[in-house]
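2 protein chains.
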Amino acid sequence: MTAVPGNEKSPIAMELARKQKSISVAEFFEKNRHMLGFDSLPRCLITCIKEAVDNSLDACEEASILPDIYIRVRKVDDRLVSIIIEDNGPGIQKDVLPRVFGKLLYGSRFHAIRQSRGQQGIGISAAVLYGQLTSGKPARITSKIDPRLPAYMYELKIDTETNEPRIISERVDEFFTSRGTRIELEMEAAYVRGKQSVLEYLRNTAIVNPHARITFVDPLGEKTTFERASDVLPKQPVEIKPHPRGIELGTLIKMMQSAEHGKLSTFLNSEFAKVGGYTAENICKEASIDPSADPVELAKDIDAVKRLMAAFQKIKVMAPPKDCLSPITEDLLKKGVVQNHRVDFIATSSRPVNASRGNPFLVEALIAYGGDIQPEGRIDIVRFANRVPLMYQQGACAITHAIERINWKHYNLEQSKGAKLPSGPIMIMVHVASTNVPFTSESKDAIADVPELIDEVELAVRQAARELSRFLSEQKKAGEARKKIKLFEAYTKEVAQALEDLTGKPASVVEAKLTDALNKKYAKFIEDAALPETPVKDGGA
Amino acid sequence: MTAVPGNEKSPIAMELARKQKSISVAEFFEKNRHMLGFDSLPRCLITCIKEAVDNSLDACEEASILPDIYIRVRKVDDRLVSIIIEDNGPGIQKDVLPRVFGKLLYGSRFHAIRQSRGQQGIGISAAVLYGQLTSGKPARITSKIDPRLPAYMYELKIDTETNEPRIISERVDEFFTSRGTRIELEMEAAYVRGKQSVLEYLRNTAIVNPHARITFVDPLGEKTTFERASDVLPKQPVEIKPHPRGIELGTLIKMMQSAEHGKLSTFLNSEFAKVGGYTAENICKEASIDPSADPVELAKDIDAVKRLMAAFQKIKVMAPPKDCLSPITEDLLKKGVVQNHRVDFIATSSRPVNASRGNPFLVEALIAYGGDIQPEGRIDIVRFANRVPLMYQQGACAITHAIERINWKHYNLEQSKGAKLPSGPIMIMVHVASTNVPFTSESKDAIADVPELIDEVELAVRQAARELSRFLSEQKKAGEARKKIKLFEAYTKEVAQALEDLTGKPASVVEAKLTDALNKKYAKFIEDAALPETPVKDGGA
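Those protein sequences? They're chains V and A, same order as listed.
Quick note: this note's numbering has the first sequence finishing at residue 541, numbered continuously throughout.
Quick note: this note's numbering has the second sequence finishing at residue 541, numbered continuously throughout.
Excised from the complex, chain V in its bound form (with noise of 0.2 Å):
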């Protein structure tokens, strides 16, 4: 041990104090992109293309376009791949362009309270960040916004230490399209096949993004193209204001002084979602608070905030709209399943909207067994978050938590001692829809184990796990009732012909009334159990 540095001149306070400085968030996220996605070399090709599709996606259907979106992967070396991004979208204006490609936590998504499937204002500058640390070299990015106006093109790299883009070069450009963006980077990555591969990712976005058209060309030149099931878009998610169940008393300070509204009252009708004026009325009359306080004053006294926190659990409030919510469907998602699989049966479950920390959330899900399934090893969990299938991560998350915390056993299926999951052809497909996927991290690939999000998904799975229940025991009685048949025509003949000898009656005749008698009695287990051989049995809806 040195010399206790207290006794000194300078206490090290001061030498401590020297080093502190601020770190800009590309600083930060350079040097820890994996939180981003982009650690192992697949993955960075995955997630690179997937913050691409997921901004195509939004911006096609903020401006009500049916999305058509092109990807290219190419080998440049064997370090560096070149990736192209290529969108009909409505384009991003010349001037907010360099921020949006070249600055963390920069976007038009983060503060509106709808589903989106970007909000943070990190994705694509994450790629790009990514892109020039490997290669050294800057994203070009080129769009059009109306067919009249000429296209643009920038080649830019972000300025880690400032957080800024730095325009490397400009100018006119062709696109040739009437309107769209593309992007085009190099960086350090792997494109292999698979579970967790490109192909499958995009596979997946087709599945849940129905009105999209996809297509995909592989480093060796091979076209994929995922084709439009639906040439209607889905259902523009309605931006809402926050609603008082789950809010934050900070948050809720925050509003209040910011209020532009004389009185708490107004205040209370005009910011939160559901609430009308006699229930503003209600909540100040629980709170014991004049609803014509000034907002601004109030926020003050704790003490009145925290009694009108209170009051938002105690007044009944209507659960928060839906229509800022966009699920994918029942039906869709049973569509999704059949087109890519044989099953012998599926059922379906979507829970009501419910809210966490003041955002609507809603959970749908899906399960599916028997058929082409795997029925060794691990089962299939198959996680959507708004629409974008997760890749990664798949033990980090609240959806396969709320899995793990089912006792499969009640539902007819088997699970091995210590196992956390139940084992057998099973597929179980989850769909979390809300205002803000709280996501473990910015690599959006897990959802955070948030109390009531984890209750949703485990009503939502045991919902559809009940319909499973019913069918797995229907076909084990049918299986039985079999058994019991093959028996009983194995001694049909010996028992007919014990009978003649005993009755005098023909042993034809009694074998007819036996193998009749048993038919009826075993009719009803053979009709209502789909067994292998038949077709999908529906057990949702």
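FYI, nobody ran anything at the bench for these hints, they're computed from the structure.
Among these hints, one or two may not hold up.
Heads up, the list lumps identical chains together, so a pair's fine if it works in one copy or across two of them.
[Stated by the list, open to error] List of simulated lysine to aspartate or glutamate pairs, EDC-like, C-alpha gap at most 16 Å: (1) Lys420 to Glu404; (2) Lys306 to Asp78; (3) Lys21 to Glu260; (4) Lys21 to Asp95; (5) Lys31 to Asp159; (6) Lys316 to Asp516; (7) Lys483 to Asp173; (8) Lys254 to Glu27; (9) Lys493 to Asp159; (10) Lys254 to Glu239; (11) Lys241 to Glu155; (12) Lys75 to Asp218; (13) Lys19 to Asp294; (14) Lys254 to Asp159; (15) Lys476 to Glu15.
Take the given structure of chain V and dock chain A to it, following the hints.
What follows is chain A alone, placed relative to chain V:
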């Protein structure tokens, strides 16, 4: 579908552009506080304490002070708890204090390449942010940097729109010791017992920081003290230059751009760890670049930089220095386990320093078996990163994933079909020490799946597992030998009698000879193998 907006006067892009805006990092994390470890109520409490204790331990070590840390949790009401964390560290100088606690991404350890607990300059300000969000109250921080100077107290909040501290009040204050920092917070949180509890976190912290004295007072006023097990401070990790192996192209370009030396060889020699003059010349030769070339000019030629990168991989450079790391050591890991458990077997391993993306790291592992370790349910995985216990997100962690990659049947352990982990009374402890631990998120609870890192964890665990496998195989042999002896013993008398009848030799003599032969044959197994009744068998080192 509404009308296509491109046909209207103003393109939709202009409408969308108006919504684009910057998001402050504080706003971002206020909305995404779960990314910082503030999700469930019990976790919020642990996260807050963990961030404060991390800071205290780092600061004490930087100032060569044996840490003495006091933590108290009290219930305020049904929703809120108040938390105090106080240390005897060097204190924080008045002019930097508000930003240390009231600004995210502000710190002293972000740019330094050496092992430390805090790296990001986010942790403690995240606790302040969460506190003000849920309690509406400011954090109160008191610090004293020198016995001869007065202590100073600040009450502060974070202005989330600007990510700057807002000072609510400040004054000269009392502080009961000669030096140190105290933080007082109020927040929504819950105190629980069990595996994921404050007490368990502190116990594990004490195990890997035996030089610290930690006192905890729980909400019932019950006091627990983890006394110092050692009066020796761990060797302070030394700050180093980046290692050429694993550095990224973009980082290299940035370094070259700000090079102050006119010559490439001098730049390589002075800015990288383990690159001497001779190695620098070799690198230049391999890259076909003139050693006297100007790095700043060279940075503009991407092909040259790429050749330099390739040369970094080809030319042999010594492994990164170890003194930037502070391993727990195998001995201390073992001591920690033995102090808290009775076990039948224990083995440790420690891997040499490796580098990932230019960051030196090393892995230490321990496997304990039998004794009071629970044989039922999931096996115990105890994870540490830079001497900090990782309490949450086990399923998302590279340590867990590395353990899951191992086929445990090869190591004489049971592993059910489909199970990722072995079963039985097993505890696996892993410590990753790194100059930059790649956490999956800002909450620092799980390590990202960086390939080099998973590989090293797997190697370390396998090394200890081989010892365990030997022990289990010996134990099995000894068990079988005992069975045989018992079987033999049961018949010795009869055999001896039969032999007496046949040969005329007295049964007692024959019996003694038989017993003797038996003992000789099986002695080896019985002595070698430690059986459950025997004391700890140390398989490591």
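The hints, checked one at a time:
Taking the shortest Cα distances, lysine 420 and glutamate 404 sit within 16 Å of each other both inside one copy (5 Å) and across copies (14 Å). In this assembly of identical chains, the alpha carbons of lysine 306 and aspartate 78 lie at most 16 Å apart only when taken from different copies (12 Å versus 60 Å within one copy). Taking the closest pair of Cα atoms, lysine 21 and glutamate 260 never come within 16 Å of each other, the shortest separation being 37 Å inside a single copy and 22 Å across copies. When the C-alpha separation of lysine 21 and aspartate 95 is checked against a cutoff of 16 Å, the pair qualifies only between copies, where the shortest distance is 12 Å, while the shortest distance within a copy is 31 Å.
In the homo-oligomer, the alpha carbons of lysine 31 and aspartate 159 lie at most 16 Å apart inside one protomer (14 Å), although the nearest pairing across protomers, at 26 Å, exceeds that limit. In this assembly of identical chains, lysine 316 and aspartate 516 lie within 16 Å of each other by CA distance neither inside one copy nor across copies; the values are 61 Å within and 86 Å between. When the C-alpha separation of lysine 483 and aspartate 173 is checked against a cutoff of 16 Å, the pair qualifies neither within a copy, at 74 Å, nor between copies, at 85 Å. Taking identical chains as interchangeable, the C-alpha atoms of lysine 254 and glutamate 27 lie at most 16 Å apart only when they sit on different chains, with a minimum of 12 Å there against 30 Å within one chain.
Taking the shortest alpha-carbon separations for lysine 493 and aspartate 159, neither the intra-copy value of 90 Å nor the inter-copy value of 90 Å comes in at or below 16 Å. In the homo-oligomer, the alpha carbons of lysine 254 and glutamate 239 never lie at most 16 Å apart, since the shortest distance is 20 Å inside one protomer and 42 Å across protomers. In the homo-oligomer, the alpha carbons of lysine 241 and glutamate 155 never lie at most 16 Å apart, since the shortest distance is 38 Å inside one protomer and 32 Å across protomers. In the homo-oligomer, the alpha carbons of lysine 75 and aspartate 218 lie at most 16 Å apart inside one protomer (9 Å), although the nearest pairing across protomers, at 59 Å, exceeds that limit.
For a Cα distance limit of 16 Å, the shortest separation of lysine 19 from aspartate 294 qualifies neither inside one copy, at 45 Å, nor across copies, at 30 Å. Proximity of lysine 254 and aspartate 159 under a CA criterion of 16 Å is satisfied inter-copy only: 10 Å between copies versus 32 Å inside one chain copy. Taking the shortest Cα distances, lysine 476 and glutamate 15 never come within 16 Å of each other, neither inside one copy (75 Å) nor across copies (60 Å).
Hint compliance for this structure: hints 3, 6, 7, 9, 10, 11, 13, 15 are not met, and every other hint is.
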